[in-house]
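S.K.: Residues per chain, in single letters:
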Amino acid sequence: MDFGLHTALRGLMASQKSLYITSHNIANTNTKGYSRQVGAQRATSPYGFPGVGFVGTGTEIYNVTRIRDFYVDFKYWKENAPIGEWNVKMDTLTELEKLFGEPSDSSIRKCLDDFYTSLDNLSKNPSDISYREPVREKALALTGWINETAERLADLRNEVKFSIEAKVRDINSKAQQIADLNRQIYINEVDGKSANDLRDKRDLLVDELSRIVNVKVDESEDGRFTVSIGGITLVDNTDVSVIKIDKASNGDIVINWGNDNKVKVESGELKGLLDLYNGDGTSNSYRGIKYYQNRLNEFVIGFANGFNSIHREGYGLNKTENGVDFFKYNPDNPAATFTLDDRILEDLSNIAAAGNPGGSPEDNGNILKLVSQRNTGMGFGFNGTPDDFIKSIMSNYSVDSIQAKNMYQSQDLILQNIEYKRNSISGVSYDEEMANMVRYQQTYIASARMINTLDKIIDITVNNLGLVGR
Amino acid sequence: MRITNNMLINNMVYNLNQNLKTLERLQYQQATGKKFRVPSEAPIAASKSLKFNTDISKLEQYRRNTEDALSWMSDTEAALAEINEVLKRAYELTVDAANGTKDGEDLLKIKEEIDQLKKHLVQMANTTFSGRYLFSGYSTDKPLLSDDGTYNIAIKSNEVFSYNIGNLEKMEVNITGLEVFGVDGSFDAESADIGDKPELIKILEDLSTALENNNTDGIQESIGKVQSSQGHILSVRAKVGARMNRLELTQSRLDLNINNAKELLSYNEDVDITEVIMNISMAENVYVSSLMVGAKIIQPSLVQFLS
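Taken in order, these protein sequences are the chains called R and A. In this text, residue positions in the first sequence follow the numbering used here: the first is 971, and each later residue adds one. In this text, residue positions in the second sequence follow the numbering used here: the first is 3, and each later residue adds one.
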């Protein structure tokens, strides 16, 4: 008799456990990184009755496993890194574009137009101070724009540096967390049971890590979990090799292992940030912020020298000697220090409008030369006119920005597809869980009914049989 | 394939987001009337915009330059016209004086008037245009002639300044006093020094002396000189007139160019509002219908139907 009761009880308990699992799944539907779990159920060992055969002894839930496809994870981690890389490039380049301010009235194009308009105006009344004043003011607006842009580029580059530092810290901290989880999982899984929720947590950490840097994950048969960057292990089961930031001799940032070997950063946010910080566009490197800083410096040097070379030939108002520069800059940091020559700042009559010694009031020969220099582009240190130069900078950053946007978008679609697949495999479906719930509930009720029936049988046997002796 | 609830929700959110992005871009276009806000949205159009803006700025400057040149020239022209009047009157008087019917007293009266005409000529030589001496070459801060009719400044025939009226096109604006008044019996001299006597003044002074001395030969000689100098002034006026003509032509050409450039700029970076509004209402429809469908799909599950 006991025998049947136990079988029913096992059914009851198995249904109950299945309900718990269902409940856990529903509760974690929105948990990030969660993969649905299923109970592994089997019939318990039968009991052999001599002459009867094997009679079943019921059922048991012997393990709870998570539904997960390692291949999909592997693809996810592989494709997650490029999206991180292009995402930071896209964001930073968009910022850079806005910083240059085209198309708007706060752009270098506008400053240059205004400056040359004021010069052309001066050609019509070279002796009038009220015509000279705007030339100085507009020139200061131009140099001011360049100073400010140089400063904002430097700020932007600094921000990128902070991001790199944060990302490196993040990598180290995530590596440590993974190592800790490895230990816990190892302890939990000693008896061969899968530590589902801890594994989900670990995979989530790798998800996050794979966006920052290109990682490769490997889990050996005996459960050793390693994460490596460019072939060197970052996490080897419970051990972590941290990475650090070093400065190269040319001011570039390099990421090194503890033993000063370079970390092979091939993609991920970290790669994007490093490209933006270090890339100067030479020898096939990425056109990062440094590149645009260099271009701006190049513009300042070329423009200032070209303009000065003609300005020096001319004569200021009533001046018999020439050779006065209009612009000046510090060669160590041209764009940030670009300004007007002190002599121009102090005395407007030093603007060399005249082409002949003596600087007669109506002599505008040199101004005309300065104005037409903008059209011919002669004498500037770069090829072509200043306008061409500005246009080429603009086309550089706009093309790079488009590339980043396009790469991000196509990579986003790829990743979305993988995520879709992952969700299809590991995600929780309400319909499914509800159907299961009803199923387990019914099994539970049926098992309970079984106990009820057996109880009645026992009742008859115990209470109603053999009343004769009473 | 298993479809889970989160897949549905993620999909819906992604698609709604895409729809919103389109709407946001269109809304920006409608609000600003511009096709793009950063160059990367339209690199070629952005670089064209750069050029058109600069072109317009230059063309408008050239347009202003032609106007300023024109007003300088019309003042020059007016002064030259008056100089011509002076010479015409001098010619009439000289012819009158030379007809042999005048006695010494009459001639002295004529001399008085010639002297007045000379003074007027000096005044005309020092005509100003907003405080600048029209005929003083580069030294527009100083009068050309001093009161006694000699050159007040050293002047060269090449002290001619130009204004920009095109990218590589310049227009000479002023006429030097040297060209108008001449020196040393010629109107083609290359330079004159302080104290030199301008030819026009000298002609009138000679005439004045001849009249005073009742020198008939001198008066006769002056008739020819006054006449030829009148011819000279006419040719200078013709030169100024031709320049003004050219400027006016340039001006109407610049107007046309400015209009063209503005049109191109607008075509390049301005949106067609009708089109944008149409696109907005289409995008709106898509957005609203995806909201509707989304709301229908993500809501129900078996949960709602179990009791």
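Hints in this document: simulated from the structure, not taken from any laboratory. Among these hints, one or two may not hold up.
Stated by the list, open to error - As a list, the in silico SDA-like pairs of lysine to any residue whose alpha-carbon atoms are at most 25 Å apart:
#1 K1339(R) <-> S268(A)
#2 K53(A) <-> D1358(R)
#3 K50(A) <-> S1342(R)
#4 K1214(R) <-> S1133(R)
#5 K1002(R) <-> N12(A)
#6 K36(A) <-> I275(A)
#7 K1289(R) <-> S164(A)
#8 K1171(R) <-> M9(A)
#9 K53(A) <-> T1064(R)
#10 K172(A) <-> E1065(R)
#11 K1361(R) <-> K37(A)
#12 K298(A) <-> S1133(R)
#13 K23(A) <-> L1385(R)
#14 K1375(R) <-> G197(A)
#15 K1068(R) <-> R27(A)
#16 K1361(R) <-> N12(A)
#17 K1289(R) <-> S1342(R)
#18 K1045(R) <-> M9(A)
#19 K1002(R) <-> L304(A)
#20 K53(A) <-> E1268(R)
#21 K1289(R) <-> G197(A)
Unchecked claim - Chain R stretches covered by chain A per the calculated footprint, using a threshold of three residues with CB under 8 Å from any CB of chain A:
#22 1322 to 1335
#23 1357 to 1366
#24 1386 to 1392
What the hints assert, rightly or not - Stretch-level coverage of chain A by chain R, calculated; a stretch enters the list once three of its residues show a Cβ under 8 Å from a Cβ in chain R:
#25 49 to 59
#26 161 to 174
No residue lacks a Cβ here, since even glycine has one placed at the ideal position from N, Cα and C.
S.K.: Which earlier hints turn out false for this structure, listed by number in ascending order?
M.R.: 1, 10, 12, 14, 16
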